[in-house]
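Engineer: One-letter residues, chain by chain:
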Amino acid sequence: MKFAILVNEGPYTHQASDSAWHFTEAALRAGHDIVRVFFYHDGVNNGTRLSVPPQDDRNISERWSELGQQHELELILCVAAAQRRGLLDEDEAKRAGKDSNNIAPGFEISGLGQLIDAGIQADRTVVFGD
Amino acid sequence: MATKKFLYINRKAPHGSIYAHESLEVVLIGAAFEQDVTLAFIDDGVYQLMKDQDTSAIGSKNFAPTFRALGDYDVNQIYVERESLEMRGLDKDDLMPLTWEDEDDDWAEKDSIHIVSSAELAEIFEQQEVILNF
Amino acid sequence: MSVLHIINKSPFDRNSLDSCLRLALEGSAILLIEDGVYAVQKKSTAAARLQQALGKHLVYALQPDMQARGVTTDSMIDGIELVDYDGFVKLATEFDKSQSWL
Chain C
1 MKFAILVNEG PYTHQASDSA WHFTEAALRA GHDIVRVFFY HDGVNNGTRL
51 SVPPQDDRNI SERWSELGQQ HELELILCVA AAQRRGLLDE DEAKRAGKDS
101 NNIAPGFEIS GLGQLIDAGI QADRTVVFGD
Chain R
1 MATKKFLYIN RKAPHGSIYA HESLEVVLIG AAFEQDVTLA FIDDGVYQLM
51 KDQDTSAIGS KNFAPTFRAL GDYDVNQIYV ERESLEMRGL DKDDLMPLTW
101 EDEDDDWAEK DSIHIVSSAE LAEIFEQQEV ILNF
Chain G
1 MSVLHIINKS PFDRNSLDSC LRLALEGSAI LLIEDGVYAV QKKSTAAARL
51 QQALGKHLVY ALQPDMQARG VTTDSMIDGI ELVDYDGFVK LATEFDKSQS
101 WL
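Chains C, R and G supply the protein sequences, listed in that same order.
In this text, residue positions in the first sequence follow this note's numbering: the first is 1, and each later residue adds one.
In this text, residue positions in the second sequence follow this note's numbering: the first is 1, and each later residue adds one.
In this text, residue positions in the third sequence follow this note's numbering: the first is 1, and each later residue adds one.
Same shape as in the complex, but just chain C (with noise of 0.2 angstroms):
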């Protein structure tokens, strides 16, 4: 089957991304295909680069960058949320005048068409959040 995940919520603050991961992680290893992983809201912070948790605890950021990388997934943060809440890759940064960017490996950030023809493509659409 063909799934469209979507994750409302940051790392850390809320399971969801967590519960997310876990989520897509056992349904490729039951060889499902992931459509997209789309994050909105808090999501998006899922996508930064400067994430330093301690060494003692899992890091979600290069969690989703790795199991992405692995399964060669689209990890697409919403451009809007992501506009609001600073998370810029290096266009959207030059673009908006900012002295920095800080989208991690993996993550690309695109329009909320893709989360619609996520939900178009795929055979089922799980939603995580708060």
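Among the clues, some could well be false.
Derived BS3-like pairs: lysine-lysine, alpha-carbon spacing no greater than 27 angstroms straight-line [to be verified]:
1) R:K61 with C:K2
2) C:K2 with G:K42
3) R:K5 with G:K43
4) R:K61 with C:K94
5) G:K43 with G:K56
6) R:K4 with R:K51
7) G:K90 with R:K5
8) R:K92 with R:K61
9) G:K90 with R:K4
10) R:K5 with C:K2
11) R:K5 with R:K61
12) R:K92 with R:K5
13) G:K9 with G:K90
14) G:K9 with G:K42
15) R:K61 with C:K98
16) R:K110 with R:K4
Have a look at the derived ranges for each label pair, beta carbon to beta carbon [as the list claims (entries may be wrong)]:
17) C:G97 with R:L28: 24 to 30 angstroms
18) R:M1 with C:Q69: 25 to 31 angstroms
19) C:E66 with G:D96: 28 to 34 angstroms
20) C:Q70 with R:G89: 51 to 57 angstroms
21) R:D91 with C:P54: 51 to 57 angstroms
22) G:K56 with R:S17: 29 to 35 angstroms
23) R:S60 with G:T73: 32 to 38 angstroms
24) R:E120 with C:S100: 50 to 56 angstroms
25) R:K110 with C:G111: 29 to 35 angstroms
26) C:G31 with R:D93: 27 to 33 angstroms
Since the hints were derived computationally from the structure, they do not count as laboratory data.
Values in this document were obtained by computation on a predicted structure and should not be read as measured data.
The beta-carbon is built from N, C-alpha and C at its ideal position, and this holds for glycine as well.
Chain C is already provided as a structure; the job is to place chains R and G on it using the hints.
Structural biologist: Frame of chain C, contents of chains R and G only:
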């Protein structure tokens, strides 16, 4: 492009958090994909449709007027759960009058908001293919 | 054509369980995840609600979330099936769609 039945469920009040605002943005952007869209307002979500919202004193963007544009985007299946309204002491008169123009009926202006019972709303859920919550 | 209702909050924190039970058709299933697993405890005042739900729905709880919270199987009301993340994925494929009560 395939057409699927998309249901957007709103259970949160506006302004105290961004969910109401950002979920409306999904609906508007999603309208371009010409899917079969239904909105459901349940629990505190019904507060999103209240009339006379004015955010000037709290300094945040008032997105409530944007609901009026939904009719122009062919989003006119808006269901509000009666039980949720009643628990909150609200009725149809407290809500924004959202309408759409039916081109198959001589552009007659019709209500987009339908107040339905829990049982009716439960049946509507069953008909959907993609259910989004925020 | 059935729905997998996913509840992630304790019945004492949010009204998600109550709203779900009001709007879930017979034949749909309920999966408790994250803080939603607290609802399984038989000694809590929410137990009666979940017990009633078992009459109309299959009810599942995510075992890793129970384990994290120290919610033991002994403390659970009868009739709830435990699943792990693999089981969660299976449920998501078995039901036509999922509704996350956020």
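Engineer: For every hint, state whether the structure bears it out.
Structural biologist: Going down the list of hints, with the structure as the test:
A C-alpha spacing of about 37 angstroms is found between R:K61 and C:K2, which places the hinted pair above 27 angstroms, so the restraint is violated. As the CA atoms of C:K2 and G:K42 are separated by approximately 37 angstroms, the hinted pair breaks the 27 angstroms bound. With a C-alpha separation of about 41 angstroms, the suggested pair R:K5 and G:K43 falls outside the 27 angstroms cut-off, and the hint is violated. For a cut-off of 27 angstroms, the pair hint linking R:K61 to C:K94 stands: about 26 angstroms separates their Cα positions.
For the given pair, G:K43 sits about 21 angstroms from G:K56 by alpha-carbon distance, which is consistent with the 27 angstroms threshold. Between the alpha carbons of R:K4 and R:K51 the distance comes to roughly 31 angstroms, so the proposed pair goes past 27 angstroms and is violated. Between the alpha carbons of G:K90 and R:K5 the distance comes to roughly 23 angstroms, so the proposed pair stays at or under 27 angstroms and holds. With a C-alpha separation of about 25 angstroms, the suggested pair R:K92 and R:K61 falls inside the 27 angstroms cut-off, and the hint holds.
Proposed proximity of G:K90 and R:K4 is supported: the alpha carbons are some 23 angstroms apart, at most 27 angstroms. Proposed proximity of R:K5 and C:K2 is supported: the alpha carbons are some 17 angstroms apart, at most 27 angstroms. For the proposed pair R:K5 and R:K61, the alpha carbon gap of about 30 angstroms is over 27 angstroms, so the pair is violated. A distance of roughly 26 angstroms separates the Cα atoms of R:K92 and R:K5; the hinted pair therefore holds under the 27 angstroms criterion.
Using a Cα cut-off of 27 angstroms, the hinted pair G:K9 and G:K90 holds, with the two alpha carbons roughly 22 angstroms apart. Of the supplied pair hints, the one linking G:K9 and G:K42 holds, its CA atoms being roughly 17 angstroms apart against a limit of 27 angstroms. For the suggested pair R:K61 and C:K98, the alpha carbons sit about 23 angstroms apart, so the restraint of at most 27 angstroms is met. At roughly 24 angstroms between alpha-carbon atoms, R:K110 and R:K4 fall within 27 angstroms of each other, so this suggested pair holds.
A hinted range of 24 to 30 angstroms holds for the C-beta pair C:G97 and R:L28, which are about 27 angstroms apart. Our hint of 25 to 31 angstroms for R:M1 and C:Q69 holds, since their Cβ atoms are close to 30 angstroms apart. Restraint check, C:E66 to G:D96: a C-beta distance of roughly 32 angstroms satisfies the suggested window 28 to 34 angstroms. The hinted window of 51 to 57 angstroms between C:Q70 and R:G89 holds, with their beta carbons roughly 53 angstroms apart.
Under the hint 51 to 57 angstroms, the C-beta atoms of R:D91 and C:P54, about 52 angstroms apart, fit the expected range. Between G:K56 and R:S17, the C-beta spacing of about 32 angstroms keeps the proposed range 29 to 35 angstroms intact. At roughly 46 angstroms, the beta carbons of R:S60 and G:T73 sit outside the given window of 32 to 38 angstroms. At about 52 angstroms, the beta-carbon gap between R:E120 and C:S100 stays in the expected band of 50 to 56 angstroms.
Taking 29 to 35 angstroms as the suggested C-beta distance range, the pair R:K110 and C:G111 conforms, at roughly 31 angstroms. C:G31 and R:D93 have their C-beta atoms about 54 angstroms apart, which leaves the hinted 27 to 33 angstroms range violated.
Of the numbered hints stated above, those contradicted by the structure are hints 1, 2, 3, 6, 11, 23 and 26, listed in ascending order.
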